[in-house]
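Given these sequences and hints, build the entire structure.
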Amino acid sequence: MNTTIPQQYKLNQGCPSQGNLDQTSKDQDNSIPIYSVSVRSLVSLTLVRFVFFVLLLLLVSTFNLTVGSAVDIGWQQLYNYMLNFDASLPQLIIGEIRLPRLLTSIIIGAHLALSGLLAQAVTRNGLASPSIFGINSGAALAMALGGIFGTVWLGIQLPMILIAFLGGLFSAVLVCLFGGLLNGQHSPLRLVLAGVAVNLFLAALIRACVILDEDLADSVLYWLVGSLENRNWQDIKTLLPWTLLCALVTIYLARGFNLLALGDDVARGLGVNALKLRLLGGGCAVVLAASATATCGPIGFVGLMIPHIARKLVGDDYCLLIPFSMLLGANLLVISDTLSHLIAFPYETPVGVVTALIGAPFFLLLSKKI
Amino acid sequence: MSKTVNLLMFFASAILSITASAVPRIINHEMGATPLDQTPSRIVVLEFSFLEALSLVGVTPVGVADDNRKTRVPARIRNKLNDWLSVGARKQPSLERIRALNPDLIIADWSRHQTIYDALNQIAPTLVFNSFKADYHEILTVAQRIGDAVGKGAAMQQRLAQHDLKMAAVRAQIANSSPVAVMLAVSWHKGFSAHTSVSFAGSILEQLGLSNVLQENSDVVTRKLTLEQIITLNPDALYLMNLEEESSATPSTLYDQWKKSPLWAYLKAVKNSRVFFVDRNIWARFRGVQTAEWVAEQTLEKLGL
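Top to bottom, those sequences are chains A and B. Read left to right, the first sequence gives residues 1 to 370 (my numbering). Read left to right, the second sequence gives residues 1 to 305 (my numbering).
Quick caveat, the hints were computed from the structure, so don't treat them as lab data. Yeah, the Cβ is synthetic: ideal placement off N, Cα and C, and Gly gets one too. One should not assume that every hint holds.
[Unchecked claim] Below are the SDA-like pairs computed for lysine to any residue, each with C-alpha atoms no more than 20 Å apart in a straight line: (1) A:Lys276 with A:Asn183; (2) B:Lys190 with A:Tyr347; (3) B:Lys91 with B:Gln158; (4) B:Lys224 with A:Ala344; (5) B:Lys268 with A:Glu96; (6) B:Lys260 with A:Leu89; (7) A:Lys237 with B:Ser252; (8) A:Lys368 with A:Arg311; (9) B:Lys133 with A:Ile211; (10) B:Lys260 with A:Glu96.
[Unchecked claim] In silico negatives: residues of chain A with every beta carbon more than 12 Å from chain B: (11) Phe52; (12) Thr62; (13) Asn84; (14) Gly180; (15) Leu228; (16) Leu245; (17) Ala261; (18) Arg311; (19) Ile343.
Structure (structure tokens):
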């Protein structure tokens, strides 16, 4: 854990209110008091940031429920829906359309962000994300193929999540293979190249599916750009168990990821089973991204952006990064969804377009830094 | 020697062509004007609209881009025609198969085939008309042009006059009842797209005096809608276009989901029990003169007028 001290120390210096603490650090040679002081202030700073983003999520959620409707839905209706339900039209719209959609946005945002964090932790590569691994496109292709050839196998109706998972797993393994992750030759550049190639290949196959089956033409946009329209309570029931399962597994693995970040050799020396950690973490990343894609199509860039922003805000400790990434991901997707209501009102813009508009410049900035 | 033969051949063909059609006809279409000095006898069509137009004047094409499924052509039209050869999907017709048929006229769709116009033109004189993006009125114009091109202009004119009478009769019947605002839509398992007033079926209903809740001035034919938007638009009647070939094996559509919601009951169309199912093959895919008549008949029948 020693290597994390400089990082926290740096962060501390960056904060003007801590000026007198820097003074003490210069005066004293012994580093232990500084460590304890900076950890305490860091905890409180993290707590403030946590509370801030929870409040922000509440605020944007309220906006998300009320804006961009031709039916008059205001704060009053929202208040009445919660405390004084009378099954009027605006209240039914909140309960049947807007609330399930909002909750799906929150869950999907958390899924994608956590999936991205895991992808970056497992590969120790800042450019890794569910989209780079083609998990979204792979899942989308599997679902499109399911649309053509049917989803009944040996007389059993296969669940969409399973089909999406298999597709996502297929492309993730493909990218790992070409990116050199399986034979230990990987570099950020190689991973990105492999990701781009596999993604283009999958997009070509999706287009081929659409040419083969004209009736899929309606859905082509859906499989290429994700959308949060038309969600219902059933989607939430399907997603939530996976969210909880993966979050628990990931938190259980957090200590392992902290050690893995020091390098494979160090981690192994400290008793971490790197292979087991990678398989579990990678598996969770695929489940999270694939279940998100099965519900609302491929939504890019959330998994790439959020872990980096989270690192900037709470540091490198995975015990904090995991919940914080999920919170930030939820924030980003709810904001994007609110924008998707407004951009082309009264019609909707697919949310995948909005996240891409925000995410593409971010990706360029990031690759310039790396 | 060979020169004399050539000269003789030239005169022979000139005389033949004059007897076949006295004046070379010039057909205006989306890519310019094409002179046709013979009555074409081996025609290839790349959209269903054009097949239907030929069927109105009793001409069978040698090749049709029918998505390799002849059953997509309604039996009522198929029975009037002889057999033809499939030349692939409308979206991706096979140039090889078209060439093998050795056609003397090709009729192609502007939005689907304008990019392969040169390749088609090398095989045979090619006319390009709007079908995919055409509204009802354009379909009528195109039918007349196709009639002219195959040398049956007068017959087509007569058939279109009959058509106008039929449509006027339906329009009169609808005008006698109270006005109805309609929505036309396709519901599938991940989305709900409504056809606007400029879509083929939408423009027929406009012509019949039924106004579409999605009035459109541009050429946007479909709009994806959410349940909230449908409730806001609140049509008096909802026509859901499904495919007859779709079996029960297809996943449940958004309509199946929504009809269980308490919000669905707020729709006027639901309150009046005016949610109807119609065949998408006729209402959206075929886009022809005769199909327009069937759409008009079905509209009346469903509304119970």
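Exercise. Of the hints given before, which are not true for this structure?
Worked result: 3 and 15
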